[in-house]
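Kindly produce the complete structure, drawing on both the sequences and the hints.
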Amino acid sequence: MSKVLSLLLVAAGLASCTAARDERLRTANANRTPQPHTTIVDCPVYDGMTKTSAVLAQSPTGTTVQVTDTVNAYFVKVRLDQGGKTTTGYMDRRCFGERGSK
Numbered sequence: 001m002s003k004v005l006s007l008l009l010v011a012a013g014l015a016s017c018t019a020a021r022d023e024r025l026r027t028a029n030a031n032r033t034p035q036p037h038t039t040i041v042d043c044p045v046y047d048g049m050t051k052t053s054a055v056l057a058q059s060p061t062g063t064t065v066q067v068t069d070t071v072n073a074y075f076v077k078v079r080l081d082q083g084g085k086t087t088t089g090y091m092d093r094r095c096f097g098e099r100g101s102k
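Numbering of the sequence shown is given in our numbering, commencing with residue 1 and proceeding in unit increments.
Think of the hints as simulated: they come from the structure by calculation, not from any bench.
Misleading hints may appear alongside valid ones.
[Said to hold, decoys possible] If you anchor each label on the Cβ, the simulated ranges turn out as follows:
| # | residue 1 | residue 2 | range |
| --- | --- | --- | --- |
| 1 | I40 | S6 | 55 to 61 Å |
| 2 | G83 | Q35 | 21 to 27 Å |
| 3 | K85 | Q35 | 17 to 23 Å |
Since we're looking at a predicted model, the values are computed, not measured.
All residues carry an ideal CB built from backbone N, CA and C; glycine is no exception.
Given below as structure tokens:
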């Protein structure tokens, strides 16, 4: 009986740690504001995070986009205002070149 009780306590402890971590991440993401970045090459804005996803818009070299989230190692979520139309989608990180370390 005590083994079952101790397993339940361990499980409850792990669940509370996970919930606290998720809340910290949610709060940190909510405090971020979109950051402007300028493309160094012609880049498409995709509707998903693969190169086979549908292209929503094409941004020419020198276009400034708002990066709203750094999704993963390959893609960022962006907002592109072009021709009076706002498009939200994903761009390859390599569209922006290397960022200097701060």
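Okay, the hints, checked on the actual structure:
| no. | hint | in the structure |
| --- | --- | --- |
| 1 | I40 <-> S6: 55 to 61 Å | holds (57 Å) |
| 2 | G83 <-> Q35: 21 to 27 Å | holds (22 Å) |
| 3 | K85 <-> Q35: 17 to 23 Å | holds (21 Å) |
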